[in-house]
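Undergrad: Given next are the chains, with one letter for each unit.
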Amino acid sequence: MDGMHDLGGKQGFGRVRYSLKAQTFHEPWEKRVNALYSLAVKLGIFNMDEYRHAIERMEPRHYLSASYYERSLTSLATLCVEKGIITHEELERRAHGAFPLSTPSAPGRANVAARQHFKPGDKVKVKTDHVPGHVRMPGYIRGKTGVVVSESPAYPFPDAHAHGVPADDEPTYDVRFSTEELWPNSADPAFVHVGVFQSYLERVT
Amino acid sequence: MPDQSHVHQTVASVEQRVDAIQAAFDERGMKPGEFIEEFRHLAEEQWVPENGARVVAKAWTDPAFRQRLLANGREAVAELGLSMPAHHRHLVVLENTPTVHNVICCTLCSCTAFSIIGLPPDWYKDLEYRARVVRQSRTVLKEMGLDLPPEMEVRVWDTTADTRYMVLPLRPVETAGWSEEKLAKLVTKDSMIGVARL
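Protein chains in written order, with the numbering used here: chain F, 194 to 398; chain A, 1397 to 1594.
Pulled out of the complex, with its shape left as it was, chain F reads as follows (with noise of 0.2 angstroms):
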């Protein structure tokens, strides 16, 4: 889903609020939250790829004026009530108040079905596909072109993982996009290498 989630490259925001030695946590709530969510994967209640998703699931303005681990709250809240563990009904009563959920799933996908296989130095492009669920491409690379610089061992497909659908593992690709192909003219000189999955890409002959 093209999400508030999906970050890279949008403009507007300001200087990183960076500091030596900066702490992950900041409130003793937010390690228990942390806690609770890796005691759900712990016990298959949930997979990454459907904690991630439902994090981007939330409503957008939600999205952005939470802290993160109100966003992993958030997940973990929702899947547990999607999941059957708990009602909302209960969270509310228990927690005196209003207990914000993210929005409902949309259907998932399979992998492609004739994917390709590359090698290092191979030129690939990424697929322009618009898809409602959850998705590991982000839009910045949607239709771009790069080189591949390595290959992952196989993962499960997160477009299928977060929505319980069936597929093979995949592989990742490491390709290496350069800013100027990203966003001409309007970006500092680098290159960007992303993560993408075999059935984001396709070759460019």
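None of these hints come from the bench; they were simulated from the model.
On a predicted model such as this, the values are computed, not experimentally measured, just so you know.
Idealized CB from N, CA, C, for every residue including glycine.
Some hints here could point you the wrong way.
[Stated by the list, open to error] Stretch by stretch, here's where chain A covers chain F in the computed footprint (C-beta under 8 angstroms, at least three residues):
| no. | region |
| --- | --- |
| 1 | 194–200 |
| 2 | 328–338 |
| 3 | 379–390 |
[Unchecked claim] Computed spacing ranges between beta-carbons, pair by pair:
| no. | chain 1 | residue 1 | chain 2 | residue 2 | range |
| --- | --- | --- | --- | --- | --- |
| 4 | A | Thr1406 | F | His310 | 51 to 59 angstroms |
| 5 | A | Glu1423 | F | Glu220 | 37 to 45 angstroms |
| 6 | F | Asp361 | A | Val1569 | 47 to 55 angstroms |
| 7 | A | Gln1442 | F | Lys276 | 23 to 31 angstroms |
| 8 | F | Gln204 | A | Pro1494 | 44 to 52 angstroms |
| 9 | F | Lys316 | A | His1404 | 20 to 28 angstroms |
Keeping the supplied structure of chain F fixed, place chain A upon it in accordance with the hints.
TA: Just chain A now, kept in the frame of chain F:
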């Protein structure tokens, strides 16, 4: 009676919402309290940048290890007794050189090789870093205190799959003859993310 179902309730605080889930888990026998303690231990004692620092120091002093690390990061860190979660199937180590600088990010969420370089700092997960570092790498790094010369090639790595990345910083020239232990103390989490050079 007015219809109460459309009356807006005040949103519960984040603490109240976490408490609600924890209590619901507890009632279902999922033992959240025990797991929170276990997680706290992992986060504070196990997933620390000192792990990655040992890897870097070893790579600086042992050329054969360095080659193995660059060829297969996951297997090489296992030699030092370091492990990664099962779903992190691949660790790619990115070597900085005098002319190439690598920096990692996750524009879609916050993925990192946390069991090796430590859990991600707050700013890594912020909207600003995620939005800007891919497009304005040199500007963002300069704002963060790292001013790279124009002739230095910059490579940004966006962690969009479960492959994990870490930067192998360039060894400072003044450290000739130092022991691995002394070298490891130089290596910071930020240098393994690539927002600092040592």
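Undergrad: Could you run down the list of hints and mark each one as holding or not?
TA: Evaluated hints:
no., hint, in the structure
1, 194–200, "holds (count 3)"
2, 328–338, "holds (count 4)"
3, 379–390, "holds (count 12)"
4, Thr1406/A to His310/F: 51 to 59 angstroms, "55 angstroms, holds"
5, Glu1423/A to Glu220/F: 37 to 45 angstroms, "24 angstroms, violated"
6, Asp361/F to Val1569/A: 47 to 55 angstroms, "49 angstroms, holds"
7, Gln1442/A to Lys276/F: 23 to 31 angstroms, "29 angstroms, holds"
8, Gln204/F to Pro1494/A: 44 to 52 angstroms, "32 angstroms, violated"
9, Lys316/F to His1404/A: 20 to 28 angstroms, "54 angstroms, violated"
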